[in-house]
Amino acid sequence: MEWRGVDGDLELHVDAVNAQTEWDEAMARVLAFFSTLRIGGVEHRVRIALRIVEEARRRHEKDRSLAPVEAAMDVAAESLDHWFAKSLGGSPDRRVAAGLVALEITDAGARFPNALLSGDPPEELKAMLSGVSVHTGPDLAISSMTPREMDYGAMEVIAQETWHRFDWTPLLRAAAVWTAIFFFALYTYDRFFPQ
Amino acid sequence: MRHVLQPDKLTADFVAFRRATFFGAILATTGLGAWLLWRTFLPEGISVLEGIQLVLFVLLFQQIATGFWLVIYGFLTTLFGGDRAQIAHCLDDEEPALHARPPTAIVLPIFNEDVDRVFRGIEAMWTGLKEAGSSEGFDFFILSDSNRPESWLREEMAWLELCKRLNGFGRIFYRKRRTPRHSKSGNVADFCRRWGARYRYMVVLDADSIVTGRLLTRLVGMMERNPRVGLIQTSPQLAFGRTFFRRIQQFAAKVYAPLFAAGSNYWHLFASNYWGHNAIIRLGPFIQYCDLPELPEPDTGRRHIFSHDTVEAALMRKAGFDVWFAYTEEGSYEEGPPNLSDSLARDRRWCLGNLQHFWFLFAPGIDFANRFHIWMGLMAYLGSPLWLLFLIVGAVDLAFKHRFSLLSALPGSDISYSGGAVQMLLLATLALLFLPKVLAMFLAIPRAGQFGGVIRLVSSTLIETAIWTLLAPAIMLYYTQFVVMNLAGLQVRWTAQNRSDTGLGFLESLRIFWVPPVTGIIATTVLAIWAREELWLLSPILAGWLVAPVLAWITSLPKLGEWTRRHRLFLIPEENPHLCPAELRFVEQAAGVSSASWDTPYGGIARAVIDPFTHSVHVSLLRQRKAGTEQTEGYLEALREKLIEEGPAALEPSQHFALLWDADSLRWLHHEFWSRPAAQLHPWWKERLKEVTERIGLAR
Chain B
1 MEWRGVDGDL
11 ELHVDAVNAQ
21 TEWDEAMARV
31 LAFFSTLRIG
41 GVEHRVRIAL
51 RIVEEARRRH
61 EKDRSLAPVE
71 AAMDVAAESL
81 DHWFAKSLGG
91 SPDRRVAAGL
101 VALEITDAGA
111 RFPNALLSGD
121 PPEELKAMLS
131 GVSVHTGPDL
141 AISSMTPREM
151 DYGAMEVIAQ
161 ETWHRFDWTP
171 LLRAAAVWTA
181 IFFFALYTYD
191 RFFPQ
Chain C
1 MRHVLQPDKL
11 TADFVAFRRA
21 TFFGAILATT
31 GLGAWLLWRT
41 FLPEGISVLE
51 GIQLVLFVLL
61 FQQIATGFWL
71 VIYGFLTTLF
81 GGDRAQIAHC
91 LDDEEPALHA
101 RPPTAIVLPI
111 FNEDVDRVFR
121 GIEAMWTGLK
131 EAGSSEGFDF
141 FILSDSNRPE
151 SWLREEMAWL
161 ELCKRLNGFG
171 RIFYRKRRTP
181 RHSKSGNVAD
191 FCRRWGARYR
201 YMVVLDADSI
211 VTGRLLTRLV
221 GMMERNPRVG
231 LIQTSPQLAF
241 GRTFFRRIQQ
251 FAAKVYAPLF
261 AAGSNYWHLF
271 ASNYWGHNAI
281 IRLGPFIQYC
291 DLPELPEPDT
301 GRRHIFSHDT
311 VEAALMRKAG
321 FDVWFAYTEE
331 GSYEEGPPNL
341 SDSLARDRRW
351 CLGNLQHFWF
361 LFAPGIDFAN
371 RFHIWMGLMA
381 YLGSPLWLLF
391 LIVGAVDLAF
401 KHRFSLLSAL
411 PGSDISYSGG
421 AVQMLLLATL
431 ALLFLPKVLA
441 MFLAIPRAGQ
451 FGGVIRLVSS
461 TLIETAIWTL
471 LAPAIMLYYT
481 QFVVMNLAGL
491 QVRWTAQNRS
501 DTGLGFLESL
511 RIFWVPPVTG
521 IIATTVLAIW
531 AREELWLLSP
541 ILAGWLVAPV
551 LAWITSLPKL
561 GEWTRRHRLF
571 LIPEENPHLC
581 PAELRFVEQA
591 AGVSSASWDT
601 PYGGIARAVI
611 DPFTHSVHVS
621 LLRQRKAGTE
631 QTEGYLEALR
641 EKLIEEGPAA
651 LEPSQHFALL
661 WDADSLRWLH
671 HEFWSRPAAQ
681 LHPWWKERLK
691 EVTERIGLAR
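Chains as they are written, first to last, in the working numbering: chain B, 1 to 195; chain C, 1 to 700.
Hints listed in this document are in silico derivations from the structure and should not be mistaken for laboratory results. Ideal placement from N, C-alpha and C gives every residue a C-beta, glycine not left out. Be a bit skeptical, because a hint or two may be false.
What the hints assert, rightly or not - Residues from chain B that face chain C, not an exhaustive set, calculated with beta carbons under 7 Å:
{"#": "1", "residue": "Val-134"}
{"#": "2", "residue": "Ser-143"}
{"#": "3", "residue": "Tyr-187"}
What the hints assert, rightly or not - Sample of chain C residues at the chain B side, in silico, Cβ under 10 Å:
{"#": "4", "residue": "Trp-195"}
{"#": "5", "residue": "Leu-315"}
{"#": "6", "residue": "Phe-360"}
{"#": "7", "residue": "Leu-361"}
{"#": "8", "residue": "Gly-365"}
What the hints assert, rightly or not - Between beta-carbon pairs, the in silico distance windows are:
{"#": "9", "chain 1": "B", "residue 1": "Thr-146", "chain 2": "C", "residue 2": "Trp-35", "range": "47 to 55 Å"}
{"#": "10", "chain 1": "C", "residue 1": "Phe-111", "chain 2": "B", "residue 2": "Leu-50", "range": "41 to 49 Å"}
{"#": "11", "chain 1": "C", "residue 1": "Pro-296", "chain 2": "B", "residue 2": "Phe-183", "range": "34 to 42 Å"}
{"#": "12", "chain 1": "C", "residue 1": "Lys-9", "chain 2": "B", "residue 2": "Arg-111", "range": "54 to 62 Å"}
{"#": "13", "chain 1": "C", "residue 1": "His-671", "chain 2": "B", "residue 2": "Ile-142", "range": "35 to 43 Å"}
{"#": "14", "chain 1": "C", "residue 1": "Glu-637", "chain 2": "B", "residue 2": "Ser-65", "range": "16 to 24 Å"}
{"#": "15", "chain 1": "C", "residue 1": "Pro-577", "chain 2": "B", "residue 2": "Asp-151", "range": "48 to 56 Å"}
Turn these sequences into a full structure, and let the hints steer you where they fit.
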């Protein structure tokens, strides 16, 4: 490209470079995200990522305030949600989480490496995923476990009448004073009554 | 063939005879010791100081006598073919497999543990049960009270991986308590309230426990045969010792503990104690009768019972159920503390718990045997301040006597007037202390090959005895500190870090154990000035205080532990591959195989936010939260914004936890992290993003 030294052209050029950098970042982010999902091969992930970034570009055209990374990751999240809605159903706020856990548990990612986000999920995959449920315990069987009244006997009576009204501070002070007096007396005795 | 007594066929006379012979022997020995001491005081009449010594002596000598007679009765019953009355006799030796498989829950309460080790242990037990052909009926529950985000997240992932590997979904469960009320006992009680009614038995384990599949099955079999039995405690052996400290402990436990255990069973029979883990419990009566009552300590804020096990055994007995000790059953294991510092950290907790048991000592309805268990537990810690007081009073008394004997012009007024009673007393005390070790060693000699041969068995015993003799005075000082501070209602601080891999540094040891040498220097100086004659008598104690930091340091060293293992010192049968149960071998072989590092600062919250898989597992396990108040929602919103804008260091650990409990916040954070341009991320999060992209080769 010929350098024309016009301010307007320079700004356009900088904008273009910045935009390209931002879309590179968006692409890298989507690829990173899908890599951390540990699903599919590189080729599959790149193919999905390209599609997602393409869709993100369209959204960005409509709303310029949307950063490319944000637009791309929004599309990625929505795609996952739609895909898991077809595979699992369930409540929208936990669907993706449940789906990802199910994929990991069933190793479905290895058996269907190119299925994720590629059209409708196969029936076999759907059956595998919907068969998974993660629980912190079996069905509850509530029991009443409450402490029985305990009679501690005479010791409790004595304690209630003495211990809880007992102030340790004067006792400790007295003990410290008498210890000091004892050692002082011992020292004095030793000093003035030599063997 | 010897006549075997079935547990439910013991007559009152039989029990009375055993208890009379056991406690009679203790009383007679204590009485003899007190009489000998009294004789040494007698010629000049008993002074106040001597009176104090006599009272202290009776308390302390009965403790030594109890230990001695436990071993003697244990020795005799073992020598004559084993106790006729023990719970294991209700099953044949080769009767591990169950026909009926009553539902049994194996519960592991955990708190910031070594996650890899915990889950390896579960895998080992699961596999052991499968191999014993009895895995049906057993469910595992990992009950977490961990309060470090890293531990929590890591536990969840380890649980999922384990379930996936073993196909254990629906059989191995993981539950994290939101409010860890009443620590371990509260955790177990929470399990009982939620799922206790589904199971007939519960096997309570510690995080480091291993119980073989065979023993688990046999324990259930014993319970099934004896409907009156509410609890069976096994005798956990120490294993996996790498540091020198652990190795000498596990050796001592292997050689001496069987005799103490046999002696205990001799007198308490169906009224055993419970140690809080490696035991099977009948859930019906446990739920009905054994929830812990509050202690009568208003206004102190310490009303909950800290150490639950002994009390639960007492409550089970009070409800009319038997508590047995299956001490001859092999296959129950745990790990000991790796060094003296960790051991004392544990004792600090146990001390408070045991002191609280005092309230049950005189409570109506408590079985006599349980009162004695409580008394022994109390004396395990109270004994230390009493010994210290005894030594101080004794030294002052002897110093005065020497002074007056030197001042006296009368011939023959030396203090060695006691006609040999002092020497006899000293000899008797030494015999009571050391004869049990000799007897235990004697019984181990036929199996000496398992301990590295006779010479190594004897050498190991001698070294172990010497080390514990030197460590005991320092331990006495710390126990005294724990007792005094607990009684004064003060918090005892002890920060111990598990350094099983590296051991303590010398300076670190000096920083932790500076009190004994300082006490030793002061005591030596005082004695040198005022009671030079007592120096030789007290020299073992003074030496113990002076060398405490060095001993603590040396015994913490894994290299020394490895050296002793290579030279077959302190060997235990489980270190022989042919004698080691498969479950232990599995855990030991997998030791050191650790998953990816979680130990980076804020690694837990980072994974929950960044890693989609960890995030998904965590969110899936969280209970659906009801919409909170406007104030709560506003608080969480402010926290999550602060976390993403200012990084995790801006939040307190409790605030991290608040976010980890909230699925909405985590979803928001996960979305924000992934969808913000790098330029808009806080440097800490930016760095994490860089790590992720570098890891997968996308760094630019």
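Checked hints:
Because the closest C-beta pair between Val-134 of chain B and chain C is about 5 Å apart, less than 7 Å, the hint holds. Nearest Cβ of chain C to the Cβ of Ser-143 of chain B: about 5 Å, under the 7 Å cut. The hint holds. Taken as an interface hint, Tyr-187 of chain B does not check out: its beta carbon lies about 10 Å from the nearest beta carbon of chain C, beyond 7 Å. This hint holds: Trp-195 of chain C has a C-beta 6 Å from the nearest C-beta of chain B, less than the 10 Å allowed.
A hinted interface residue such as Leu-315 of chain C counts as satisfied when its beta carbon comes closer than 10 Å to some beta carbon of chain B; here the least separation is about 8 Å, so the hint holds. Taken as an interface hint, Phe-360 of chain C checks out: its beta carbon lies about 7 Å from the nearest beta carbon of chain B, inside 10 Å. With a cut of 10 Å, the hint placing Leu-361 of chain C at the interface with chain B holds, because the nearest CB-to-CB distance is about 7 Å. Below 10 Å, beta-carbon pairs count as interface contacts, and Gly-365 of chain C has one with chain B at about 7 Å; its hint therefore holds.
Hint check: Thr-146 of chain B to Trp-35 of chain C, Cβ distance near 51 Å, so the stated range 47 to 55 Å holds. For the pair Phe-111 of chain C and Leu-50 of chain B, the supplied restraint of 41 to 49 Å holds, since their beta-carbon distance comes to about 48 Å. Between Pro-296 of chain C and Phe-183 of chain B, the C-beta spacing of about 39 Å keeps the proposed range 34 to 42 Å intact. A beta carbon spacing of about 60 Å between Lys-9 of chain C and Arg-111 of chain B agrees with the range 54 to 62 Å that was offered as a hint.
The hint said 35 to 43 Å for the Cβ distance between His-671 of chain C and Ile-142 of chain B, and at roughly 37 Å that hint holds. Checking the proposed 16 to 24 Å range against Glu-637 of chain C and Ser-65 of chain B shows it holds: the Cβ atoms sit about 22 Å from each other. Taking 48 to 56 Å as the suggested C-beta distance range, the pair Pro-577 of chain C and Asp-151 of chain B conforms, at roughly 54 Å.
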